[in-house]
Amino acid sequence: MIDTITLEVARYRPEQETEPTFERFEVPFNKDWVVLDALNYIKDRLDGSLSYRWSCRMGVCGSCGMMVNGEPKLTCATFLSKYVPGPIRVEPLRYFPVVRDLAVEMTDFMDKLKSVKPWIIRQEERPLSEGEYLQTPVQLDNYKQFSMCINCMICYAACPVYGLDHHFIGPAALALAQRYNMDSRDQGTDERLDLLSQHEGIWGCTFVGECTKACPKNVDPAGAIQQYKLKAATEWFKSFLMPWGRK
Amino acid sequence: MKETHNYTLYHPKWYRERVSTYWWARQWSYFRFILRELSSIFVAYFVVLILFLLHALSQGPESYAAIQEWLRTPFAITLNFISLLFTLFHTITWFNLTPRAMPVRIGGKRLPDWMIAAPNYVAWVVISAIVAWFVIGG
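As you go down the protein sequences, you meet chains G and Y in turn. Under my numbering, think of the first position of the first sequence as 1, with each following residue one higher. Under my numbering, think of the first position of the second sequence as 1001, with each following residue one higher.
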């Protein structure tokens, strides 16, 4: 049994350095500790200037996504014991610009998320007096998996397509669009279609499938995108065969 | 990506890592993906080869014999062997991916993945058997 484990933490202080460097920290090894606990130990005891994001420390808020030994992980769900004897390399999420140390700039993701209109769109809102939009358990089950996304951006850090082309809307936003498309209460599929059927939308995805493997919530963004591709292709084929039909 | 702000003391300068040209060589899963993308070249090669064979067939026995001659060269055998491996890899991975793109629900329950993938394999075997029967037996 070891007493301590070494973390190699990426540091980037834009006012001091032009590119990131690694700093080594020795932290106590505790089998119940996750990488985030080790970072908190560093911040509390060793170097208060270390910057990173975290909040719930229980896999719900999606703030603490980082690269751990080269793989995108929620640091609150990644145990130190998995990496014994170390060292553990902690870096900011790949493919995003780094603001400081382990904190990345996420405006791009936020803009993309908003662009797919991830909310229920109704052609005409029903008056409140008519009550809620009902849904059967089967209808819920249709999209439920895709609704578990916590916007942690880990799938973006796993996606080489996003790394190579930042115009790509990306796994989480596309999966979320599909989540609303598959919701029986939603009527916004046509409204989302223009954006999603662009090259930067579903067709940008080459089905590397890493997003699904990396997702800490089993959302399966790659599956969502392929299902949407299949649907878009069928719709196109239908409109090709029956041009007089509905658009 | 919006980069509208200039660097000031209070608006830090971002660091953006450049993606290496060899990004696919650093991770096995990425490498496997690139192999799969490459495999489509070999699939296309087989299609072109069949077109050439058909063309030769339409030109008469001499030109068909010429192409058969070429197919017997070590180069052609090696090329076809490698292409076969890539085509098999392409086919198997493609079949295994179908359940992801086509979730089938019966009675509200999603069918297990193997039940979506299996019919592909069955169709593959049956069609291959028919083709083999035509080529060898017929």
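Just to be clear, a hint being listed does not mean it is correct.
[Said to hold, decoys possible] Ranges of calculated distance between the beta carbons of each label pair, as one might list FRET restraints:
| hint | chain 1 | residue 1 | chain 2 | residue 2 | range |
| --- | --- | --- | --- | --- | --- |
| 1 | Y | L1057 | G | D141 | 47 to 55 Å |
| 2 | G | S239 | Y | V1135 | 33 to 41 Å |
| 3 | Y | S1020 | G | S239 | 40 to 48 Å |
| 4 | Y | L1057 | G | K114 | 53 to 61 Å |
| 5 | Y | G1108 | G | F237 | 23 to 31 Å |
| 6 | G | C56 | Y | S1029 | 26 to 34 Å |
If you are wondering where the hints come from, they were derived from the structure by calculation, not from laboratory data. In this text, a Cβ means the ideal position worked out from N, Cα and C, and glycines have one as well.
Checked hints:
Under the hint 47 to 55 Å, the C-beta atoms of L1057 of chain Y and D141 of chain G, about 53 Å apart, fit the expected range. Remark: the range hint 33 to 41 Å for S239 of chain G to V1135 of chain Y is upheld by a beta-carbon distance near 40 Å. Distance hint for S1020 of chain Y and S239 of chain G: a CB-CB separation of about 42 Å, consistent with the stated range 40 to 48 Å. With their beta carbons about 58 Å apart, L1057 of chain Y and K114 of chain G fall inside the hinted range of 53 to 61 Å.
Restraint check, G1108 of chain Y to F237 of chain G: a C-beta distance of roughly 28 Å satisfies the suggested window 23 to 31 Å. One distance hint, 26 to 34 Å for the beta-carbon pair C56 of chain G and S1029 of chain Y, holds here, with the actual separation near 29 Å.
Consistency note: the structure conflicts with none of the earlier hints.
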